[in-house]
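**Q** Each chain, letter by letter, is given below.
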Amino acid sequence: KAGVTQTPRYLIKTRGQQVTLSCSPISGHRSVSWYQQTPGQGLQFLFEYFSETQRNKGNFPGRFSGRQFSNSRSEMNVSTLELGDSALYLCASSFPPGPSYEQYFGPGTRLTVT
Amino acid sequence: GDSVTQMEGPVTLSEEAFLTINCTYTATGYPSLFWYVQYPGEGLQLLLKATKADDKGSNKGFEATYRKETTSFHLEKGSVQVSDSAVYFCALSDQNAGNMLTFGGGTRLMVKP
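First to last, the protein sequences are chains C and U.
Residues in the first sequence are numbered consecutively from 1, following my numbering.
Residues in the second sequence are numbered consecutively from 1, following my numbering.
By construction, these hints were calculated from the structure, which means they are not laboratory data.
Please note that the accuracy of each hint is not assured.
30 Å max Cα-Cα, derived BS3-like pairs, lysine-lysine [claimed, not checked]:
{"#": "1", "chain 1": "U", "residue 1": "K52", "chain 2": "U", "residue 2": "K77"}
{"#": "2", "chain 1": "U", "residue 1": "K68", "chain 2": "C", "residue 2": "K57"}
{"#": "3", "chain 1": "U", "residue 1": "K56", "chain 2": "U", "residue 2": "K68"}
{"#": "4", "chain 1": "U", "residue 1": "K112", "chain 2": "U", "residue 2": "K60"}
{"#": "5", "chain 1": "C", "residue 1": "K57", "chain 2": "U", "residue 2": "K52"}
{"#": "6", "chain 1": "U", "residue 1": "K56", "chain 2": "U", "residue 2": "K77"}
What follows is a list of derived Cβ distance ranges for each label pair [what the hints assert, rightly or not]:
{"#": "7", "chain 1": "C", "residue 1": "G16", "chain 2": "U", "residue 2": "S79", "range": "50 to 58 Å"}
{"#": "8", "chain 1": "U", "residue 1": "T5", "chain 2": "C", "residue 2": "F95", "range": "29 to 37 Å"}
{"#": "9", "chain 1": "C", "residue 1": "G16", "chain 2": "U", "residue 2": "E16", "range": "50 to 58 Å"}
{"#": "10", "chain 1": "U", "residue 1": "G78", "chain 2": "C", "residue 2": "G16", "range": "47 to 55 Å"}
{"#": "11", "chain 1": "C", "residue 1": "N77", "chain 2": "U", "residue 2": "E16", "range": "42 to 50 Å"}
{"#": "12", "chain 1": "C", "residue 1": "I12", "chain 2": "U", "residue 2": "S79", "range": "41 to 49 Å"}
{"#": "13", "chain 1": "U", "residue 1": "T28", "chain 2": "C", "residue 2": "N71", "range": "30 to 38 Å"}
{"#": "14", "chain 1": "U", "residue 1": "Q81", "chain 2": "C", "residue 2": "Q41", "range": "25 to 33 Å"}
{"#": "15", "chain 1": "C", "residue 1": "F69", "chain 2": "U", "residue 2": "K112", "range": "45 to 53 Å"}
{"#": "16", "chain 1": "C", "residue 1": "T14", "chain 2": "U", "residue 2": "F18", "range": "46 to 54 Å"}
{"#": "17", "chain 1": "U", "residue 1": "S58", "chain 2": "C", "residue 2": "A2", "range": "24 to 32 Å"}
{"#": "18", "chain 1": "C", "residue 1": "P61", "chain 2": "U", "residue 2": "G78", "range": "44 to 52 Å"}
Every value quoted in this text rests on a predicted model; they were computed, and no experiment measured them.
We treat Cβ as the ideally placed atom computed from N, Cα and C, and that holds for glycine.
Bound conformation, chain U alone (with noise of 0.2 Å):
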C-alpha cells in the first residue's frame, strides 16, 4: 500500500537558519503530495502542494517539489522564523483512493530566537 516517510524530530534551529525536511513517499499509482502544518492546539493547515511530477508548491517562502525519480517531496524554507515553530506533516493522495490521504509522522520544528 501507499506510505510515507519523513525524517524524524525535533529539528531544532535559530532563526533564519535554512530548513530542510525530508519527505520520500511510495505509491502505486501518480499521487498527489502535500505539505501540511499543525501548531499547537490546532488542526492541519495545508502549506502547500503539487499534483504532478517536477511541479513545485510554494506558500509563506515554503517550497518543495515533486520528484518522481527519487518518490521525494522535500520541503524547503531559506530562512525561518520563531513564528514557524510546527508540526509539518508531509501526505499523499492516491488517486484511486478519493480522499484519503496518507500521512508521514510528522516532524516536529523549534525555532529558536
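With the rest of the complex left out, here is chain C (with noise of 0.2 Å):
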C-alpha cells in the first residue's frame, strides 16, 4: 500500500509570494492532518479535514487556508509568505478519525521563503 505523498518535496519562495501544497493520503483514508515544524516552535498543529469538511483549527493567521477534495486529497495554502513561514509542513492521513487511530505522515514539503 502506497504511504501518504506530498507535493513537491522541496519549495524555495519570495517573501509575499503564495504557495500551494498538496498531501495524497494513503488509499482509503479520509482524515488529513497539517503540521509546521520549525527549529524554534517545534511541531504545531495547522488543520485537519475529514470527508472535505475542517474539524479542527490550530492557532495560525488566516494567511494559512486549506481544503480537501472528494477523493480525500488535500491542500494547503499560505497566502502573502513571511520569512517565518519557512519550515517543513507535514501532511498526516488516518482511517477513521479519532485519538486512538494511528496517524501516517508523509515526507513533508520543505519551504524556504527568501
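Dock the two chains into a complex; use the hints.
**A** The following block contains the structure:
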C-alpha cells in the first residue's frame, strides 16, 4: 500500500508570494491533518479535514488555509508569505478520525521563504 | 490547554546502553499517548501508543507505560543500536480535539558504536 505522498518535496518562494502544497493520503483514508515543523516552535497543528470538512484548526493566522477534495486529497495554501513561514510542512492521514487511531505521516514539504 | 514536556537532548549513548527519554503531559480529558520517531530527512513514524491508563505500548524493543497518576509516558529501550539514532517525539491526542496531536519538543538521540 502506498504511503502518504506530498508534493512538492522542496520549494523556494519569495516574501509576499503565495504557495500551495499538496497531500495525497493513503488509499481509503479520509482524514488529513497538517502540521508545521520549525526548529523554534517544534511541531504545531495547522488543521484537520475529514470528508471535505474542516474539523479542527490550530492557532495560525488566516493566511494559512486548506481544503480537501472528494477523493480525500488535500491542499494547504499560504498567502503573503513571510520569512517565518519557512518550515517543514507535514501531512498525516488516518482512516477513521479519532485520538486512538494511528496517523501516517508523509515525508513533508520543505518550504524556504527568502 | 494540553501540553507535552519531554527531556531536552541531545542524548548521547554508546551502543547497547539503556535508554530512557522522559515525557510528562497535561491534558483536560483522557488522552491517548504516542511516541513518534523522525529519521533525518523523513517524516514521522509511529513507534508505539497507549490509549488508556496502565497500557504498555511496545515496538522494536522500545516500550512505554501510560501512567495516569504521574501523567507520564517515558520511553525505554534496554539496548540501543546505532540505527536508533533519530529524534523522538512524545505526543498526545485528546478525545475532545479530534485527530489533533500535541507534540513535545523532541529529543535527539545519538548512539555511538
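**Q** So does C/T14 sit 46 to 54 Å from U/F18, Cβ to Cβ?
**A** Once the Cβ atoms are compared, 49 Å apart, the range 46 to 54 Å for U/F18 and C/T14 holds.
**Q** Quick one, are C/K57 and U/K52 close enough, alpha carbons at most 30 Å?
**A** holds (25 Å)
**Q** Note whether the CB distance of U/T5 and C/F95 lies within 29 to 37 Å or breaks it.
**A** holds (30 Å)
**Q** Taking 41 to 49 Å as the stated bounds, is the beta-carbon spacing between C/I12 and U/S79 within them?
**A** holds (42 Å)
**Q** Please check whether C/G16 and U/E16 have a Cβ separation lying inside 50 to 58 Å.
**A** About 53 Å separates the Cβ atoms of C/G16 and U/E16, which means 50 to 58 Å holds.
**Q** Within 30 to 38 Å: is that where the Cβ-Cβ distance between U/T28 and C/N71 falls?
**A** holds (35 Å)
**Q** Is U/K68 within 30 Å of C/K57, Cα to Cα?
**A** At roughly 27 Å apart (the allowed maximum being 30 Å), C/K57 and U/K68 satisfy the hint.
**Q** Is it true that the C-beta distance of C/F69 to U/K112 lies inside 45 to 53 Å, as the hint says?
**A** holds (47 Å)
**Q** Hinted pair, alpha-carbon criterion (30 Å max): U/K56, U/K77. Please report holds or violated.
**A** holds (13 Å)
**Q** Starting from the hint 42 to 50 Å, judge whether the C-beta atoms of C/N77 and U/E16 obey it.
**A** holds (48 Å)
**Q** Tell me if the straight-line CA distance from U/K52 to U/K77 falls inside 30 Å.
**A** holds (21 Å)
**Q** Can you let me know if the beta-carbon spacing of U/G78 and C/G16 is within 47 to 55 Å?
**A** Since U/G78 and C/G16 have Cβ atoms about 53 Å apart, the given range 47 to 55 Å holds.
Of the numbered hints listed earlier, not one is contradicted by the structure.
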